[in-house]
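Peer 1: Listed here are the chains, written in short residue letters.
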Amino acid sequence: MTMAYAIHRTGESRSFPAGDAFLDGAAEDADVLVLLGVPYEPDPSRTAILIELGTECLGVHTGEAAGEEGSNALGFARYRNGGDPPSDLVELVRQPNTEERAIEAARAVFEGAGLTVAVSADRVGRIVDRLVRPKYNAALRLLDDGLAKAEDMDLACRLGLGYPDGPVERTVRGGLAYHHDVSSALFAASGQPGDAPARAAVVARARSEGR
Amino acid sequence: MTGIRKVGVCGAAGTMGSGIAIVSARAGFETVCHDVDGEGLERAATQTASFFARSVERGRMTEEDRETALGRLSPATELDALADCDLVIEAVFEDLSTKQALFRALNPVCKADAIFASNTSTLSIAQIASGCGREDLVVGMHFCLPAQLMKLIEMSPGLNTSEEAFAAAWAWTEAAGQTPVRTRDRPGFILNALLVPFNNDAIRAVEAGVASPADIDTAIKAALGYRMGPLELIDLIGLDTQILLSEAFYPITLDPRAAAPPLLRRMVAAGRLGRKSGRGFHDYEDSAMYGA
Chain A
689 MTMAYAIHRT GESRSFPAGD AFLDGAAEDA DVLVLLGVPY EPDPSRTAIL
739 IELGTECLGV HTGEAAGEEG SNALGFARYR NGGDPPSDLV ELVRQPNTEE
789 RAIEAARAVF EGAGLTVAVS ADRVGRIVDR LVRPKYNAAL RLLDDGLAKA
839 EDMDLACRLG LGYPDGPVER TVRGGLAYHH DVSSALFAAS GQPGDAPARA
889 AVVARARSEG R
Chain B
2 MTGIRKVGVC GAAGTMGSGI AIVSARAGFE TVCHDVDGEG LERAATQTAS
52 FFARSVERGR MTEEDRETAL GRLSPATELD ALADCDLVIE AVFEDLSTKQ
102 ALFRALNPVC KADAIFASNT STLSIAQIAS GCGREDLVVG MHFCLPAQLM
152 KLIEMSPGLN TSEEAFAAAW AWTEAAGQTP VRTRDRPGFI LNALLVPFNN
202 DAIRAVEAGV ASPADIDTAI KAALGYRMGP LELIDLIGLD TQILLSEAFY
252 PITLDPRAAA PPLLRRMVAA GRLGRKSGRG FHDYEDSAMY GA
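Quick note, the sequences are listed as chains A and B, same order.
Count the first sequence with the working numbering and you get residues 689 to 899, in order.
Count the second sequence with the working numbering and you get residues 2 to 293, in order.
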């Protein structure tokens, strides 16, 4: 099932960069509204309002109510590994009482555009970054510890686990400074040591700031 | 070049041991398949014959090569049969005292310059070698399952391993058509050091209500291009095995991510072991899928 959607947009979207077919598929107006960089305003008359997220939680835009929050507003982000092109995955962020019809409408919009949808609670890092950033931090720390050479760690993951790329090459390709920022957001929310950015990422962020 | 001509595999009735024996025999090495379980060796020999037959059917080896490779394999239930091996690879139960006892028993039996290799995935090579009488000739040689199909071997020297022994073992893995990578003697080497905590994190995400197992697996596969999601993988290897792996890591590393999550223990207690019990993070109505 496809569903019509309108887009309100300012500036560049990480999920849908200029030229992305999703932008061209938007209607002038529709019950589902996609916000790309535009501040959220509640509108209960719409089926769904989809707010593009960075590393922040949806609650930053909608407010929270001690775990009782939820409306027709959802967050979303198309997964990107830093500077890599967007993947086919859209992480759809719901709150405890998000309207089911809003979720289904959002799913229909993105799947109608040929994307894959996974629904996540409103947590920093959502699903993918919550799982992979600690792993990449561990890989960078093991590299510092001299466990193996970077190319051997990557080769082991490709050959032994069938991954398309290894953790070090992926983190470096996506940008160590970007990895630092995502990990820092995770660590600020969780306090878990594994989320804290690894030394190499701290160095990369410092250099990018000219320190 | 490798000076290794004859190879022994201990624990050859098991899945890993029989796979390693296939790798060795297929590459041209006389291979003694040792196990205390004689009936298990017979079953493994049947499975090995079937594997080679399928390899012929698929054009990956000739009929002549199949017969030759099978002829290089000899079963044994006594350690004496390993006396003239140049390399003995153990793939016995993942328990430190078991592996130590095996190497200590092998030391007086085997040639003085024979190399002992451990296929451990979690234990320390230096600890396994300790007290065996030839610590300088013990190396880590971690194959991936299924060994007869996977090329990667994680190679690690123990603290007392000589560079000559390590180089000889390394040369053998290359002669056997494998791809070795060098790691230090650390728990889990590369793969399990990264994979076990990652899988535990996925379980914790389920427990914390971040997403359903299906959504987590979908997200990881779509975002990263992995063939399986972490929860599908845990279902495949067994939730009980994930606990064992976690218990091997956590006491050594004290990494909170390596600790077995409470949900994992509850699921194992409830009999949800993954594919082998028909239910884990996902349901498996078609039990024929397991092991097919």
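A couple of the hints might just be wrong.
[Stated by the list, open to error] With a Cα cut of at most 30 Å, we get these calculated DSS-like pairs of lysine-lysine:
1. A:K823 with B:K277
2. A:K823 with B:K112
3. B:K112 with B:K152
4. A:K837 with B:K152
5. B:K277 with B:K152
6. B:K112 with B:K7
7. A:K837 with A:K823
8. B:K222 with A:K837
9. B:K277 with B:K222
10. B:K7 with B:K152
11. B:K222 with B:K112
12. A:K823 with B:K7
Please keep in mind that the hints were generated in silico from the structure rather than gathered at the bench.
Since the structure is predicted, the reported quantities are computational estimates derived from the model, not experimental observations.
Peer 1: Hints first: check each against the structure and report whether it holds.
Peer 2: Hint-by-hint comparison with the structure:
no.	hint	result
1	A:K823 with B:K277	holds (28 Å)
2	A:K823 with B:K112	violated (43 Å)
3	B:K112 with B:K152	holds (28 Å)
4	A:K837 with B:K152	holds (18 Å)
5	B:K277 with B:K152	holds (26 Å)
6	B:K112 with B:K7	holds (11 Å)
7	A:K837 with A:K823	holds (17 Å)
8	B:K222 with A:K837	holds (26 Å)
9	B:K277 with B:K222	holds (23 Å)
10	B:K7 with B:K152	holds (20 Å)
11	B:K222 with B:K112	violated (49 Å)
12	A:K823 with B:K7	violated (40 Å)
Hint compliance for this structure: hints 2, 11 and 12 are not met, and every other hint is.
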